[in-house]
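Colleague: Sequence:
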Amino acid sequence: MIATTLIILLVLIGLSVPVAAALGVLGLILDPLYSMLPLTRAMGEMAWSTNNEFLLVAIPLFILLGEILLRAGFAERMYSAMSLWLSWLPGGLMHANIGASALFAATSGSSVATAATVGTVAIPQIRRYGYNEPLFLGSIAAGGTLGILIPPSINMVLYGVLTNTSVPKLYLAGILPGLLLTGLFMLTIIIGCVLVPRWGGERVRGAWGARFASLVHLAPPLAIFVLVVGSIYAGIATPTEAAALGVLGALILAACFRRLTLSMLATAIEGDRPPRTGPI
Numbered sequence: 002m003i004a005t006t007l008i009i010l011l012v013l014i015g016l017s018v019p020v021a022a023a024l025g026v027l028g029l030i031l032d033p034l035y036s037m038l039p040l041t042r043a044m045g046e047m048a049w050s051t052n053n054e055f056l057l058v059a060i061p062l063f064i065l066l067g068e069i070l071l072r073a074g075f076a077e078r079m080y081s082a083m084s085l086w087l088s089w090l091p092g093g094l095m096h097a098n099i100g101a102s103a104l105f106a107a108t109s110g111s112s113v114a115t116a117a118t119v120g121t122v123a124i125p126q127i128r129r130y131g132y133n134e135p136l137f138l139g140s141i142a143a144g145g146t147l148g149i150l151i152p153p154s155i156n157m158v159l160y161g162v163l164t165n166t167s168v169p170k171l172y173l174a175g176i177l178p179g180l181l182l183t184g185l186f187m188l189t190i191i192i193g194c195v196l197v198p199r200w201g202g203e204r205v206r207g208a209w210g211a212r213f214a215s216l217v218h219l220a221p222p223l224a225i226f227v228l229v230v231g232s233i234y235a236g237i238a239t240p241t242e243a244a245a246l247g248v249l250g251a252l253i254l255a256a257c258f259r260r261l262t263l264s265m266l267a268t269a270i271e272g273d274r275p276p277r278t279g280p281i
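FYI, the numbering for the sequence shown is 2 to 281, going by the numbering used here.
Read the hints as simulated data drawn from the structure, not as lab findings. Even for Gly, the Cβ is constructed at its ideal location relative to N, Cα and C. The reader is advised that the hints may include incorrect statements.
To be verified - Have a look at the derived ranges for each label pair, beta carbon to beta carbon: (1) V26 to T262: 45 to 53 Å; (2) T262 to I192: 19 to 27 Å; (3) G25 to L173: 42 to 50 Å; (4) N165 to F213: 43 to 51 Å; (5) I30 to L223: 50 to 58 Å; (6) S167 to F213: 35 to 43 Å.
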């Protein structure tokens with residue numbers, strides 16, 4: 002049986018069939034031969050039970066949360082605040098890219114949304130301040146990957162559903178690696194810009210008064226993070242309920258900052274559309 006399996010697998014891979022497809026085809030071919038209960042009889046039930054998980058409702062809610070923060074202008078102001086606090090380091094605004102990505106990842110849970118949001122604000126700064134373009138774009142792409150690790154990660158929700166693993170435990174396991182990776186990204190930028198100073202572009206320095214005034218723009222994403230993750234570990238809410246609390250908190254913050262309008266809300270909901278959440 003093992004020899005037959007390996008031979009078929011090697012033949013399929015040799016025919017340039019993707020590994021995932023090769024393993025799937027292999028299972029379908031060999032299952033009727035070696036199983037008393039063919040897998041094909043259970044595939045419908047397996048697909049339905051997996052996609053009918055209540056936990057999966059958290060995914061569109063987290064995406065909607067990120068859309069509300071983006072459309073309400075919190076993401077842009079958060080980036081501006083990060084640039085004031087971190088741009089004195091060698092590498093300047095590239096550290097703001099990493100810091101803003103980490104903070105936005107702590108609210109949206111999506112790598113794609115994190116990279117797209119930070120990139121929209123950051124990319125125009127490349128030529129304005131003379132940064133090394135590959136390194137600057139790399140900092141945005143690297144920062145986007147923090148959405149996989151830092152809670153509330155959509156990827157961890159999917160992993161928890163597929164492997165029947167506790168999502169709160171996965172979130173707890175992702176905090177330290179996420180912070181460590183953030184620090185390592187920033188250290189890499191510092192080393193590169195110290196060795197080749199021209200990569201770092203023009204330094205942007207802000208007055209201390211402006212820095213402290215900008216803290217108010219960092220408060221909304223931090224408040225959302227505490228609300229979502231804190232409610233989970235306090236035993237108040239499940240991950241899905243915490244995602245709903247996060248959306249409610251984002252709407253309240255947008256209203257408090259006078260940025261909640263029907264057009265903004267409609268745009269945020271349109272951004273959280275089925276073609277985006279369906280493939281997930």
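Colleague: Next, verify each hint and record whether it holds.
Modeller: So, going through the hints one by one against the coordinates:
1. V26 to T262: 45 to 53 Å: holds (52 Å)
2. T262 to I192: 19 to 27 Å: Given about 45 Å between the Cβ atoms, the range is violated.
3. G25 to L173: 42 to 50 Å: Violated - the Cβ-Cβ distance for G25 and L173, about 33 Å, lies outside 42 to 50 Å.
4. N165 to F213: 43 to 51 Å: holds (47 Å)
5. I30 to L223: 50 to 58 Å: Holds: the Cβ-Cβ distance is about 52 Å, inside 50 to 58 Å.
6. S167 to F213: 35 to 43 Å: Roughly 40 Å apart at Cβ, these two residues keep to the hinted range, so it holds.
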